[in-house]
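Each chain, letter by letter, is given below.
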Amino acid sequence: MDYATLLQLLDTTLRLATPLLFACLAGLYSERAGIFDIGLEGKMLMAAMASASVAFLTGSVWAGLLAGMAASLVLAGIHGLASITFRGNQLISGVALNFVASGVTVLIAQRLFGQGGRTPPLAGDARFSAITLPFAEELRGVPVLGPLYAEVISGHPLLVYVALLMVPLTWWVLYRTRFGLRLRAVGENPAAVDTAGISVVGLRFAAVAITGILCGLAGAYMATALQAGFGREMTAGRGYIALAALIFAKWRPVAALWACLLFGFFQALALRPDVVEAVVQVKVPVPFLDALPYVLTVLVLAGFVGKAIPPRAGGEPYVKER
Amino acid sequence: MATGGSDARYAIELKGISKAFGPVQANKDIHIAVPKGTIHGIIGENGAGKSTLMSILYGFYRADSGEIYINGKLTPIPDSQSAIRAGIGMVFQHFKLVQNFTVLENVVLGAEEGALLAGSLSKARKVLTDLSREYELDVDPDAVIEDLSVGHQQRVEILKALYRQADILILDEPTGVLTPAEADHLFRILKGLRDQGKTVILITHKLREIMETTDNTSVMRRGTMVGTVKTADSSPEELAELMVGRKVLLEVEKNPPLLGKTVLKVEDLRVKDEHGVERLKGVSFEIRAGEILGIAGVAGNGQSELLEALGGIAPATGRITLNGADLPLAGKGADARARRGAGIAHVPEDRQALGLIMDFTAWENVAFGYHHAPEYQKNAVFMDNDALRADTERKMARFDVRPPIPTLAAKSFSGGNQQKIVVAREIERNPDLLLIGQPTRGVDIGAIEFIHKQIVALRDQGKAILLVSVELDEIRSLSDRIAVMFDGNIMGFRDPETADERDLGLLMAGIASDSKGEAA
Chain A
2 MDYATLLQLL
12 DTTLRLATPL
22 LFACLAGLYS
32 ERAGIFDIGL
42 EGKMLMAAMA
52 SASVAFLTGS
62 VWAGLLAGMA
72 ASLVLAGIHG
82 LASITFRGNQ
92 LISGVALNFV
102 ASGVTVLIAQ
112 RLFGQGGRTP
122 PLAGDARFSA
132 ITLPFAEELR
142 GVPVLGPLYA
152 EVISGHPLLV
162 YVALLMVPLT
172 WWVLYRTRFG
182 LRLRAVGENP
192 AAVDTAGISV
202 VGLRFAAVAI
212 TGILCGLAGA
222 YMATALQAGF
232 GREMTAGRGY
242 IALAALIFAK
252 WRPVAALWAC
262 LLFGFFQALA
272 LRPDVVEAVV
282 QVKVPVPFLD
292 ALPYVLTVLV
302 LAGFVGKAIP
312 PRAGGEPYVK
322 ER
Chain B
468 MATGGSDARY
478 AIELKGISKA
488 FGPVQANKDI
498 HIAVPKGTIH
508 GIIGENGAGK
518 STLMSILYGF
528 YRADSGEIYI
538 NGKLTPIPDS
548 QSAIRAGIGM
558 VFQHFKLVQN
568 FTVLENVVLG
578 AEEGALLAGS
588 LSKARKVLTD
598 LSREYELDVD
608 PDAVIEDLSV
618 GHQQRVEILK
628 ALYRQADILI
638 LDEPTGVLTP
648 AEADHLFRIL
658 KGLRDQGKTV
668 ILITHKLREI
678 METTDNTSVM
688 RRGTMVGTVK
698 TADSSPEELA
708 ELMVGRKVLL
718 EVEKNPPLLG
728 KTVLKVEDLR
738 VKDEHGVERL
748 KGVSFEIRAG
758 EILGIAGVAG
768 NGQSELLEAL
778 GGIAPATGRI
788 TLNGADLPLA
798 GKGADARARR
808 GAGIAHVPED
818 RQALGLIMDF
828 TAWENVAFGY
838 HHAPEYQKNA
848 VFMDNDALRA
858 DTERKMARFD
868 VRPPIPTLAA
878 KSFSGGNQQK
888 IVVAREIERN
898 PDLLLIGQPT
908 RGVDIGAIEF
918 IHKQIVALRD
928 QGKAILLVSV
938 ELDEIRSLSD
948 RIAVMFDGNI
958 MGFRDPETAD
968 ERDLGLLMAG
978 IASDSKGEAA
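As given, the protein sequences belong to chains A and B, one line each in that order.
Using the numbering used here, you'd call the opening residue of the first sequence number 2 and step up by one each time.
Using the numbering used here, you'd call the opening residue of the second sequence number 468 and step up by one each time.
This is chain A alone, in the form it adopts within the complex (with noise of 0.2 Å):
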């Protein structure tokens, strides 16, 4: 493999690593708090639809974008109704959600468009487009860094920028911040949390708000930047790679990143079958490369990657005790 196909191949997965990353991260802020979220998916789907459906309507991506988040919020709201204000079963709120995410997405575009559930193409201002970083022309001579600069980090929609950017923001947000210290107390001892006088309900009522934000935007960038529309079930399956990639990460926003360019670079070798075939010199048939983030996904749910120790309170209502 040459280095120009290394380069193509390391740029398509940060496109394809951005809306793991952002689903990623939207789940980390949730089970920090104590709240497990499976239905990452779902609010995916649901923001890919509307970012879609508002952006071909209005002709405005930003439109689209912010009708993208609305639609995840009001899942996460749902999800928060379920688990923190009536401390149901969080896995099985996760899931409902999910199912009608699935439905309802191809209800209202068949009804919106009449397409068979899909919206019609983006284009011009209903997409985002790709971003030209400073210099990536001028260093393009630069031997290694130059062309790795201008062919990889350069060159994505704005959204992609934002995702990384995330990484460091959320990390700071954990660890620097009131906020952060709070939230990852009540994840751990909403008991303690709440001795305090701090409100349990509020803080996990935030933390899932931002899970529905980034979630949002995760369906957004699939929809109007990765894609130029909505197409039934789009999301394939990402939220639930976006969990896995969170258990490996330990629940931690850096090694978040890696996780997700991790499962992106499989992905992204599943588009290219030549360069597979070229490195291993063993024909390997497409469907298996396919698999290949999904089986990831077992294998690192299943437990191969070490011991993962969720936070201590996930996925338990918080009730308080005598």
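Here's a subset of chain A near chain B, in silico, CB distances under 7 Å, partners left out:
1. R177
2. R179
3. A186
4. A192
5. A193
6. T196
7. A197
8. G198
9. I199
Some chain B residues well away from chain A (every beta-carbon gap over 12 Å; in silico):
10. K495
11. T505
12. G618
13. G643
14. A707
15. E718
16. A766
17. T784
18. N790
19. A834
20. K845
21. D867
22. D927
23. D967
24. L973
Calculated from the structure, these hints are not laboratory results.
Just so it is clear, the structure is predicted and the values come from calculations on it, not from any experiment.
We put the CB at the ideal spot given by N, CA and C, even for glycine.
Given the coordinates of chain A, work out where chain B should sit on it, guided by the hints.
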């Protein structure tokens, strides 16, 4: 005792506090006045309403009626934040600490100075240093909670309250998890706080602690306040009578033991936990017929593993002989059923986890472990539930279980009556050896007296008894011989008649003193 208006001499005055949970009246028209700068004890049986009352004072619950005065001022406390603002700090029985946070982070949580942490943390570090110097509250501010001993974790809880400038400190059963030395240290801290003008409320069921540390004591019984006395003018007997509402024998009456042949012989018994860490590190001892061997020690020093190994729940290595016959320690024949068959009855330490199924009825629970007994079988297929229920009724009558209704779910009984069900099930099988762990944990004084009598009666029938308890007083009053465990080892054996508190305390802390007692 309540004065007409507000009185600024009192740090806390509660007037007419009532609180009901559904049909249960947890607090009924409670009046209490706590003078500033004193240590005030609140004592009562389980379910007397002590914790509820303090939770109301800390804003964890809202009273249905009544008024709270802090320093003579009417102060409504709708939530914990208001309590903290009113200068009240609470150290709960189960610590409210974030296990993977540092001491500093735990102290700062909820009392941060601004949106960013750096400033709060450095301020807290300084305050903590001052506080620890002033009150003997040494803890490393950067230590992670899960690495600290229970005693140190408790200090963090006290520091948390002091950092929030609490003038009134409430401690709920603070010594349950401490060694005697740690408890003494705690009481020194509390006296230091009092001497600095702070008010301390100590909730406990241990009469000795009340007598040693408090200035005044309020006694609660079944949701009501039965009286407040000056501790120095009172006696343990008087307080116990106030608590229970009748005269109680605090000392267990027993005759000298009539020792028979050796029933249980344990040699080099070792148990590993699921992580492969050795929790029981080669203990050896014997128990003879008609003898109670009491295992003293702070919880978590291998006592549970010892009971589980003997009871057939945990696999072990070493050697166990019962009446001269070897018992298998792992694999086939090393399960609880085989042990019961061999004549070992087991009252587990945690009755709610191992002793009972809380959602099942009393008669079903009485069957557990003995469900194969021939008298419970109707034929080869069906159990004889009628016989079982009748048997349960008999056991309930003999053990004074209230209410004596076999069809009631285990969770509907009080802690003491749950324990009586378990003890009845095991003792009535007439075992050669009774393993009994924490026989009176969470059991009220009246039931304690009863259960103790049953244990002594079994011993007087010539049975061997292994008693494990974290209550040193219980060990001392029941045992014929005491073994002290620390870190998976037996530190030494003592005679309860001659052993002194300090010596036992040192052994419990793992400090071997000169061997005074007889050897194993």
